[in-house]
Amino acid sequence: MADPSKPVPAITPNMAEFFEGARQGQLLIQKCDQCGTLRFPAYELCSNCLSTRSHWAPVSGRGEIYSYNIMHHVYHPGFAAEVPYAVVVVELEEKCKFVSNLLGVKPHEIKIGMPVEVTFEKLSDEVTIPKFRPRTAR
Amino acid sequence: MSLRAKCAIAGLGQTRMGKNFDHSSAMGFAVDAVELALADAGLKRGDLDGLIVNPGVTWLDATMASFTMQQAMGLRDLRLSATMNIGGATAAGMIMHAAQSIAAGMAECVACVFADAPLKPPSPDKGKGGGSASAYGFARGLNAAYGLFGVNAAYAFVARRHMHLYGTTGEQLGAIAVAQRQWANMNPDAQFYDSPMSMADYHASRWVVEPFHLYDCCLVSNGGLAVIVTSAERAKDLRRPPVYILGMAQGHPGGDPMDTLISGAPIAKETAFKMAGIELKDVDFAELYDCYTFTVLVTLEDYGFCKKGEGGPFVADGRTGPMGSLPVNTGGGQLSSFYMWGMTPVSEGVIQVRGDGERRQVAKHDIGLISGNGGILSTHSTLVLGANP
Chain A
51 MADPSKPVPA
61 ITPNMAEFFE
71 GARQGQLLIQ
81 KCDQCGTLRF
91 PAYELCSNCL
101 STRSHWAPVS
111 GRGEIYSYNI
121 MHHVYHPGFA
131 AEVPYAVVVV
141 ELEEKCKFVS
151 NLLGVKPHEI
161 KIGMPVEVTF
171 EKLSDEVTIP
181 KFRPRTAR
Chain B
5 MSLRAKCAIA
15 GLGQTRMGKN
25 FDHSSAMGFA
35 VDAVELALAD
45 AGLKRGDLDG
55 LIVNPGVTWL
65 DATMASFTMQ
75 QAMGLRDLRL
85 SATMNIGGAT
95 AAGMIMHAAQ
105 SIAAGMAECV
115 ACVFADAPLK
125 PPSPDKGKGG
135 GSASAYGFAR
145 GLNAAYGLFG
155 VNAAYAFVAR
165 RHMHLYGTTG
175 EQLGAIAVAQ
185 RQWANMNPDA
195 QFYDSPMSMA
205 DYHASRWVVE
215 PFHLYDCCLV
225 SNGGLAVIVT
235 SAERAKDLRR
245 PPVYILGMAQ
255 GHPGGDPMDT
265 LISGAPIAKE
275 TAFKMAGIEL
285 KDVDFAELYD
295 CYTFTVLVTL
305 EDYGFCKKGE
315 GGPFVADGRT
325 GPMGSLPVNT
335 GGGQLSSFYM
345 WGMTPVSEGV
355 IQVRGDGERR
365 QVAKHDIGLI
375 SGNGGILSTH
385 STLVLGANP
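In order, the protein sequences belong to chains A and B. In terms of the working numbering, the first sequence opens at residue 51 and continues consecutively. In terms of the working numbering, the second sequence opens at residue 5 and continues consecutively.
Hints are computed from structural coordinates only; laboratory data are not their basis. Among these hints, one or two may not hold up.
[As the list claims (entries may be wrong)] To give an idea of the interface, some chain A residues facing chain B are shown, with a C-beta separation under 10 Å as derived from the structure:
hint	residue
1	Lys56
2	Tyr93
3	Tyr118
4	Glu132
5	Val133
6	Tyr135
7	Ala136
8	Val137
9	Gly154
10	Ile179
11	Lys181
12	Pro184
[To be verified] Computed beta-carbon distance windows for the label pairs:
hint	chain 1	residue 1	chain 2	residue 2	range
13	A	Glu67	B	Trp211	35 to 41 Å
14	B	Arg363	A	Pro127	42 to 48 Å
15	A	Pro134	B	Met327	32 to 38 Å
No experiment lies behind these values; they were computed from the predicted model shown. Heads up, the beta-carbon is just placed ideally off N, CA and C, and yes, glycines get one too.
The whole structure should be built from the sequences, with the hints applied where relevant.
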């Protein structure tokens with residue numbers, strides 16, 4: 051029997067550019083053409099100005115931990131070996147929030163405000179996803 | 005035109021809650037609940053001219069649930085029908101929709117009902133029955149790849165921010181859980197009636213998603229709960245003492261609850277309290293939506309029982325328990341009694357105002373404050389219920 055693996059996100063048309071960016075090691079966030087507000091994940095319209103025009107903009111990849119949780123319940127067999135594990139909310143420098151995992155830090159050592167930077171994890175030939183690691187703030 | 009005390013809750017119908025497998029679908033429990041509520045009021049099915057339904061997560065084809073249920077019950081000539089969903093805020097929302105319609109002369113006798121059947125009976129093949137994770141542990145796309153599953157996980161982000169900003173502690177969340185279990189231990193209908201819980205028990209309970217232990221999270225229940233709303237005049241002629249609807253309002257702040265850490269209670273309070281003509285000091289007891297201990301804490305702050313951020317110290321010494329000065333969730337709430345979304349606090353509010361609380365009856369029960377909350381501090385509804393018009 052095959053080992054259960056973690057879910058690999060499907061590349062939907064509205065997120066295609068995001069995943070292509072990630073595959074190339076670049077974090078892209080959807081940016082409103084009209085007012086410049088960032089939003090993630092992709093959405094049809096801007097909640098600030100209601101424009102439906104947007105593009106995928108590169109961001110620095112730097113941010114801080116804004117919040118986190120520590121998952122104990124096994125909701126998916128792919129995570130059975132990892133519980134307890136943390137899911138973090140990163141507030142990017144550009145003031146957009148991004149849900150992800152923080153590599154290299156034990157869940158109970160995570161602190162709100164920790165500086166982090168993006169890295170990338172290849173899940174398959176098609177799919178790479180952003181994750182974060184601690185950053186030495188300079 | 006003031007709506008204060010124009011309408012009343014005249015009937016309450018509550019099925020057995022929890023691992024109730026009397027029906028395989030939510031509709032069965034919904035029908036039972038409405039029948040029980042009608043009997044409580046001394047009414048019959050034919051007396052209804054309005055039906056409002058809040059479908060739970062397991063309703064099949066929930067889109068026009070109120071019509072489906074009308075047909076299931078053989079109801080004819082309704083003047084009001086609505087299928088509503090603002091999460092846990094819906095129960096009070098249904099009641100206020102009914103009350104407004106009755107006050108406007110558009111209906112006279114309206115049933116409002118919530119029912120759900122997320123628990124499956126244990127099967128010989130699969131062993132244990134399906135628990136709440138299968139109903140509430142949904143995952144979306146990229147979040148699933150990061151291991152973010154279900155609403156507990158998202159709510160936990162908000163609680164963690166409150167702890168970071170205000171110093172709220174796990175011990176303080178535990179105080180809410182312990183207080184509510186004490187109430188439940190006096191309520192024979194509560195799922196945890198027979199299970200006392202100390203603070204040590206609370207801390208020892210397994211983590212679900214930190215900062216939430218098992219006992220920070222609401223139960224899961226099969227069952228149905230309905231109320232009958234009529235005009236105040238009609239209610240006086242019926243079987244039970246009227247529970248007057250003195251004030252009602254909603255509040256939905258929008259934005260990101262992780263940023264604001266606020267519910268819709270401040271918005272709703274202004275309208276509801278003005279309608280009822282009350283101040284906070286007039287509230288004898290509160291039934292506050294408690295999908296999590298944390299939700300109760302935030303709601304107490306947001307109604308102004310204490311300052312924003314001071315909910316932790318406010319609850320820390322058992323203030324909301326049977327020995328405390330502000331009775332909250334006097335049946336045990338969704339944490340210790342049963343989870344019928346917003347109908348849990350509504351039902352206990354009706355019981356207390358009527359004086360039916362028996363061992364858990366609050367001594368002074370003229371004015372009850374009832375809250376509903378949906379999503380993650382997303383939607384909110386307030387009712388002020390009273391024993392006197």
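Hint check:
1. Lys56: Holds, because the Cβ-Cβ distance from Lys56/A to chain B comes to roughly 6 Å (cut-off 10 Å).
2. Tyr93: Since the shortest Cβ distance to chain B is 13 Å, the answer is violated.
3. Tyr118: This interface hint holds because 6 Å falls under the 10 Å limit.
4. Glu132: 7 Å, holds
5. Val133: Since chain B brings a Cβ to about 9 Å from Val133/A, closer than 10 Å, the hint holds.
6. Tyr135: Given a least distance of 6 Å, the restraint on Tyr135/A holds.
7. Ala136: 9 Å, holds
8. Val137: 5 Å, holds
9. Gly154: 16 Å, violated
10. Ile179: 6 Å, holds
11. Lys181: 8 Å, holds
12. Pro184: The hint is violated - Pro184/A has no Cβ within 10 Å of chain B, the shortest such distance being about 17 Å.
13. Glu67/A - Trp211/B: 35 to 41 Å: This hint holds: roughly 38 Å between Cβ atoms.
14. Arg363/B - Pro127/A: 42 to 48 Å: This hint holds: roughly 45 Å between Cβ atoms.
15. Pro134/A - Met327/B: 32 to 38 Å: Between Pro134/A and Met327/B, where Cβ atoms are some 35 Å apart, the hint holds.
Going down the numbered hints, you'll see the structure goes against 2, 9 and 12, while the others check out.
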